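J.: Please model the complete structure; the sequences and the hints are all you need to start from.
In order, the protein sequences belong to chains A and B.
Just remember that the numbering used here sits 68 ahead of the position in the first sequence, which is counted from 1.
Just remember that the numbering used here sits 68 ahead of the position in the second sequence, which is counted from 1.
By construction, these hints were calculated from the structure, which means they are not laboratory data.
Do not take every clue at face value.
[What the hints assert, rightly or not] With a straight-line Cα cutoff of 20 Å, these simulated EDC-like cross-link-like pairs (lysine to aspartate or glutamate) come out:
#1 B/Lys-588 x A/Glu-661
#2 A/Lys-261 x B/Asp-114
#3 A/Lys-261 x A/Glu-661
#4 B/Lys-578 x A/Asp-185
#5 B/Lys-645 x B/Asp-464
Here the structure is a predicted model, which is why all the values come from computation and not from measurement.
2 protein chains.
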Amino acid sequence: MGKLHFPLSAVAAAAAVLCSVASAQTFQRLGTCPTLGCILPPDQQDFLAGQYFDIRLEVHAPVNGSEATDGRPDENFTFTVGKVGDSAQPATEFFGVDEPELETWDFSWYEDLFAYDDDRASVVNVASKAYRRVALYEPGEYEGVLSYNGTSTTAYWRVRDLSETRKAKNVLLFIGDGMTTNMITAARLIAHKQINGRYQSTMAMDKFPVLGHQMTHSIDSFITDSANSATALYTGHKSTVNALGVYRDSSEDTFDDPKVETIAELFYRITGGHVGIVSTAYIADATPAALTSHTSDRGEYGAVVDSFVHGIVNYTWTEWSGPDVLFGGGAEQFCPPSQGGETYMDLNYYDVFRDAGYSVVSNNTELQAASDSDRLLGIFTTSTMTTWLDRNVYTDNLEGSENSPDCQGNDATDQPGLKNMTLKAIDILQTRSSADDDAGWFIMSEAASVDKQMHILDYDRALGELLELDDTIKASINHLRELGELENTLIVVTADHGHGFDVFGNVDTKYLNAHDDPRKKRNAVGPYERSGLSQYINTGDLRYGDSNFPSNWSPRYTLAEGFGANPDHRENYRVHKNGPRLPAVNISGFPEEEFFVNPEDAKSGFIVNGTLPVSYDQGVHSLTDVPVFAMGPGQEIFGGVYSSIDVFYHIATALGLSRTSPPETETNNWGKKYGSKFGYHHYTEQNPRYGPPAQ
Amino acid sequence: MGKLHFPLSAVAAAAAVLCSVASAQTFQRLGTCPTLGCILPPDQQDFLAGQYFDIRLEVHAPVNGSEATDGRPDENFTFTVGKVGDSAQPATEFFGVDEPELETWDFSWYEDLFAYDDDRASVVNVASKAYRRVALYEPGEYEGVLSYNGTSTTAYWRVRDLSETRKAKNVLLFIGDGMTTNMITAARLIAHKQINGRYQSTMAMDKFPVLGHQMTHSIDSFITDSANSATALYTGHKSTVNALGVYRDSSEDTFDDPKVETIAELFYRITGGHVGIVSTAYIADATPAALTSHTSDRGEYGAVVDSFVHGIVNYTWTEWSGPDVLFGGGAEQFCPPSQGGETYMDLNYYDVFRDAGYSVVSNNTELQAASDSDRLLGIFTTSTMTTWLDRNVYTDNLEGSENSPDCQGNDATDQPGLKNMTLKAIDILQTRSSADDDAGWFIMSEAASVDKQMHILDYDRALGELLELDDTIKASINHLRELGELENTLIVVTADHGHGFDVFGNVDTKYLNAHDDPRKKRNAVGPYERSGLSQYINTGDLRYGDSNFPSNWSPRYTLAEGFGANPDHRENYRVHKNGPRLPAVNISGFPEEEFFVNPEDAKSGFIVNGTLPVSYDQGVHSLTDVPVFAMGPGQEIFGGVYSSIDVFYHIATALGLSRTSPPETETNNWGKKYGSKFGYHHYTEQNPRYGPPAQ
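T.: Printed below as a string of structure tokens:
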């Protein structure tokens, strides 16, 4: 039996829509496939003209369960494609590709939580084919028809009609991972002073001329993760939780899912533009990964790192030669296993990048000293980089972090912040682009730990990360202005999803501490007029030049903050001075997957029981639309409310990446540059050893 | 001793900034007055050129507490005004008004919660004067200096330099009370169908071309209420919780606080335009009230209703002759006491309105039949109107509501919805404006129970109200298009504050119900990929023509929803079919002001302990910036992030209400129309009997 996974569309079978819907939601057979014939990309998908993608066809034959058939999928299925209104052709003719080989597999899933508890799996046999690296050039509506077992599934696809005229030379895309409007409001409150209701300064984001909202939901679930949402932002295609740059299919192989070309790949292939990738996460994390990776499992960290430098080599795919800069944490996927890392093919990826022409730096001093002319890899910590609060206020926490990028258990005490990394990225990209006929650049800069700290309910650290992002935006705008590139650069700031966070008043921590009764402690909370003004500003000694951060992180009156959902935990609404919070823990004697209030966390507080499954030791993502701030050439189309995929189409429009006819040399220039260099052509078959997906 | 109230600025005295800040937050002496000399409007306030306002000066002499003085306020204080850079003049000369009489009073407050628990009040003696109905015409910066006790307080005021050219003939302002981006996202999810990540329809709000965010904080606390926030939206002046159209002073009199002219008053006085007021709340509630009321206590409901028809008559003030339409609930302020109402001066306000030329209707049938040519009062329920969900789905709940507008305890079974009221308001305003030289109109239409239902954690009813608002917006746009007025009308949709609401997954209610262990019940929650698709759409029988509402409010898989803050309550994530929820109650034997889980609510659920003071039986407002959607003439300035007061300035700009010189007839045409008709000139002294402020 194949991999066990958990999908089923809301509409299980055409003939039994209503009853199936009612019983398939927590798990889905394959979210994008309500019938038994599956086309990926599925119905209702948009494409950039000329964007490369793969097609996966699957015919499902459930063996048991509510959809049971004879268990034999039709292996003689056919697939035709055509513009709506034109005659359809077999896909091989339409795309000019060879007929792919038939693949078969099986997988199993659970119809609901009762089946899961009882381990009553439903098994599905599958017949499948995949067409690799095709494209649609002519704008308009297309129709793909999968015929099987005397029935058929139709997918309508739309190629958007976008200008090919480039408006922006450069794009600087900032992503505040997990950042919502609510969090921006809270960060403003603790870092910018008010007098009589007037802010004396505001966030850099607040000054952007154009504001939009994007809807973050997945293709098959209304809550997304960062892999899936990054895929939407970078490719114009929504996908499934944990998927990077692919539509998730039902096969066990996490590297054979149908791919879609990303904004980085398109920008490089079509314009020869330069790409930079910056994140405060371990660099194999989803948001940076989705620029070059194509896998249904974001947990394939080693392969992700390989894709940064080599692109995709297991199938015919687009050109890619590596970013000009790659800055972040995550040495654990660079140090060879002999030094404690876990790398793709057990290689030393510092060496792999050096062999590919990269200089390598491992701390801020080296970063600042590095040449602006050379490609640069900067890996500054073993895993996720240390938060702004610990690097700048509670600096003792840097000691004993054992987080150095040599994976030797030393402390990474000289880490750059997001601002250091982003400004250096701009310098290098600008220098190298200028030396390359002013080809222009695309930089993605991610404040990853807004999300990571919100997950662990560490409000202070999360808001510190958000303020560091805002400070980076401000500094980047000033720096681009100095370089004379501001007017050539489209700057977009957005998020990939939210957390259900908000501020609802203040807390008199002195009063809270003075009482033992949990109900008395709650009376320390001051809503409405009792919230008063922010005491984080101008009430302490910390100063940061022209950057706006709180001057006092532990005033008597703190913010009362909370989430729509949380694990069991305790709240005392005080900054966690000894390092990031651990709200919930497993307790000896209980099942490993069950979590309770951490007895060591927020000891002076009162207990808040959780609203999440007890297997969650941290918070989860939420539904809310997230903001998009835009300034620069092409900004005007970023206003209003739209889908996350539109961020991709808007950026592609600004860069003029739409191509309504194939490049003349197309068949000779892809997939060859690095394909044989390291002797591997299929990730999974050789190396299917990466762990389960992370969130 | 005077009234006991609870303010003190973040900066208690100029000489002791840091130490005072640390100890004064929950309560404030007077939030807008950090020193002992108070100018209202205080420092940093903006004005529309020609906007009428009052000035209140106070000199404080604390008798005891951390700021103790000799307790004798300087009664010989002086006040000068001038443009910055010009020579200052005494206020009497500058504004051409008589020197007002000196007033004195005292008040007391608590320095913190410890003082409150111990009843250790701080007493302040006050000397004060008030200048009534002045205006600043010339754009620029002004400086007001209050000199007292050998020291002084300075207020810098700014008159904005705005065009006097009118762009919009009409303004339609929709307010979703308490509505956030998070709630819009959730409402979209339950009312609009998705296929493979593409919405098949979207909200009317989603289609607006311009999006902004407004910061909702108060002048003296970071969390606002609806009175204060409506004041900011309508006057361009932020104020204090519970205040309507005034800056709150420290006197006991809730009708002597310094006023600011509202958008409705300005529009009528300057252009002769027609005003309409529509709300699903009792009509004396804060959001409608703030258009014509001026009091520091929103709880003065009777006086609020009087102000709708008569405007302000206790002091010299602006012209006002009543709105063309006033539609909503709240008969309790119209029925005379003999019929169970509680009205201003014990009058029958149906009669008062009839005497002022209004027709009166009391149900939807009468509303639809009413002439479009006459001024119309429509009061449809005793108090707040019934929710969309109860009027359209769980209609049994209309029976026994005893909510009829005759205050006789009958059921109001023929209530109009927000759409009915708003479309009728448009028809009447359009007819009357057309007959009056096309003077144009301003309509405020409020979906009040988004807020009211969110307060009681009734997610379903709150989202129903939000969807009704959206449906009203859609229908209004279509109707204006039919009338040929769409291109003449600026439509603005916004909120006054938020609640910390979000959706974090789905809930398998069947699984939740099947378990008794609260921790097992929590495992019914499905985050991320387990959230699946919305089952509220196309899974039931309810249909609403071209309006988008859920077709099934009780699917097996519901939304997992929550707040950042809540009272003790229980969650089962199911619609409350028997009427609005009551999450927390007082329990016999405990103090009256202490609330616990309601044993009768959500019985199948699990308990979630509260994070609010135990005196709260419902949720509270939150900090988040709220969205602003704009379309029509003047829309272009509504993009980006700004203060709530900018909504006023943007609307005033679209209507061209700025006036840089006084009207020639000014001294002869204000405050006279209704001032003596009922023989009262000072609300409070005659009638200080209204209860404490509501929230």
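J.: Does each hint fit the structure? Answer for all of them.
T.: Okay, the hints, checked on the actual structure:
| no. | hint | verdict |
| --- | --- | --- |
| 1 | B/Lys-588 x A/Glu-661 | holds (13 Å) |
| 2 | A/Lys-261 x B/Asp-114 | holds (18 Å) |
| 3 | A/Lys-261 x A/Glu-661 | violated (44 Å) |
| 4 | B/Lys-578 x A/Asp-185 | holds (14 Å) |
| 5 | B/Lys-645 x B/Asp-464 | holds (9 Å) |
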